[in-house]
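A.B. asks: Numbered according to our numbering, the sequence shown spans residues 1 to 229.
Think of the hints as simulated: they come from the structure by calculation, not from any bench.
Model, not experiment: these values are computed from the prediction.
Virtual Cβ for every residue (Gly too), placed ideally from N, Cα, C.
Among the hints, a few may not be true.
As the list claims (entries may be wrong) - Pairwise CB distance ranges (calculated):
# : residue 1 : residue 2 : range
1 : 153       : 104       : 19 to 29 Å
2 : 49        : 108       : 37 to 47 Å
3 : 165       : 54        : 16 to 26 Å
4 : 117       : 149       : 33 to 43 Å
5 : 92        : 133       : 15 to 25 Å
As the list claims (entries may be wrong) - Distance condition first, Cα-Cα at most 30 Å in a straight line; then the derived DSBU-like pairs of lysine-lysine:
# : residue 1 : residue 2
6 : 136       : 184
7 : 216       : 184
8 : 55        : 119
9 : 136       : 216
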Amino acid sequence: MAIKEQDFKKIVKKARLKNTRRTIVIAVLSLFVLIGLPGGLYLNYYNYGPFRGEKIAGVPDNHLVQVENQMDLSRLLFDFGSQLKFNTQAQAMTVYFDHYHKGEKTTHKLIASLMTDTKSNYNGYLTIGISKGEKKLLVNLSSNGGASETTTDLTAFQYISLGEDKDLPGGAIYHIEEDPLEIKKNVEIPLIYIAQGGDLKLYDVMENNLSEENLKSVENVYYIYLIVE
Numbered sequence: 001m002a003i004k005e006q007d008f009k010k011i012v013k014k015a016r017l018k019n020t021r022r023t024i025v026i027a028v029l030s031l032f033v034l035i036g037l038p039g040g041l042y043l044n045y046y047n048y049g050p051f052r053g054e055k056i057a058g059v060p061d062n063h064l065v066q067v068e069n070q071m072d073l074s075r076l077l078f079d080f081g082s083q084l085k086f087n088t089q090a091q092a093m094t095v096y097f098d099h100y101h102k103g104e105k106t107t108h109k110l111i112a113s114l115m116t117d118t119k120s121n122y123n124g125y126l127t128i129g130i131s132k133g134e135k136k137l138l139v140n141l142s143s144n145g146g147a148s149e150t151t152t153d154l155t156a157f158q159y160i161s162l163g164e165d166k167d168l169p170g171g172a173i174y175h176i177e178e179d180p181l182e183i184k185k186n187v188e189i190p191l192i193y194i195a196q197g198g199d200l201k202l203y204d205v206m207e208n209n210l211s212e213e214n215l216k217s218v219e220n221v222y223y224i225y226l227i228v229e
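Using the sequences and the hints given, assemble the complete structure.
C.D. replies: This is the structure:
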């Protein structure tokens, strides 16, 4: 049976319409794969998704992240400060304070700690600040409803507030700044290194700051770090 020209045009038009619809569907799926899927993976990696539970948004699993605009409103109250957020599984998180005088370690002190009997989720914040004038080291470690908070008087360690002695060289290094830092278990995670007096040198690489030679050349060093077990 012969196909009339009008019927043929209808068939061609129908085929083109079907092909156009198929092209649109493929294009939409391609956009989803190229844009939606990576976006979904990004949201999941940084725990922005709806199923993150108690995890802190914006922090990958087993990482520490510096809080955005950290301590900006507190610079009038604190000489130095840092606020971190974290998601990890562990049995303990402990913050330590070490003081060195001309290379000799005079103090090794536990200043905050959270512990559980078994490996558990730790999702929370670590806030550190050294108050101006009072010269006190304030630490707050909180996770899933639990918290550990302490105050350490730094006058016993010859600490000088910023601006108190204009002739005293001093400075600090923050180990965690913008990029997320992967948490390695049972290893020192440097948080803040403060040096005052002596032949002061500050290095980007923390190991150089903590070298025996460098510690001996500095009058006083105040070193705060975290260990996750």
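A.B. asks: Does the structure keep residue 55 and residue 119 at a Cα separation of 30 Å or less?
C.D. replies: Distance ~15 Å between residue 55 and residue 119 Cα, so the pair holds.
A.B. asks: Hint check: residue 216 vs residue 184, CA-CA at most 30 Å. Holds or violated?
C.D. replies: 28 Å, holds
A.B. asks: Evaluate the given range 33 to 43 Å for the C-beta pair formed by residue 117 and residue 149.
C.D. replies: 22 Å, violated
A.B. asks: Quick check: does the Cβ-Cβ distance between residue 165 and residue 54 fall within 16 to 26 Å?
C.D. replies: 45 Å, violated
A.B. asks: Taking the Cβ atom of residue 49 and the Cβ atom of residue 108, is their distance within the range 37 to 47 Å?
C.D. replies: 41 Å, holds
A.B. asks: Between residue 92 and residue 133, is the Cβ distance one that fits in 15 to 25 Å?
C.D. replies: 34 Å, violated
A.B. asks: Below or equal to 30 Å on CA atoms is what counts here, so check residue 136 against residue 184.
C.D. replies: The given pair, whose Cα atoms are some 29 Å apart, holds under the 30 Å limit.
A.B. asks: Given the hinted pair residue 136 and residue 216, is their Cα-Cα distance within 30 Å?
C.D. replies: Holds: residue 136 and residue 216 sit about 24 Å apart, inside 30 Å.
A.B. asks: Could you say whether the range 19 to 29 Å given as a hint is met by the Cβ separation of residue 153 and residue 104?
C.D. replies: 20 Å, holds
Checked against the numbered hints given earlier, the structure breaks hints 3, 4, 5 and satisfies all the rest.
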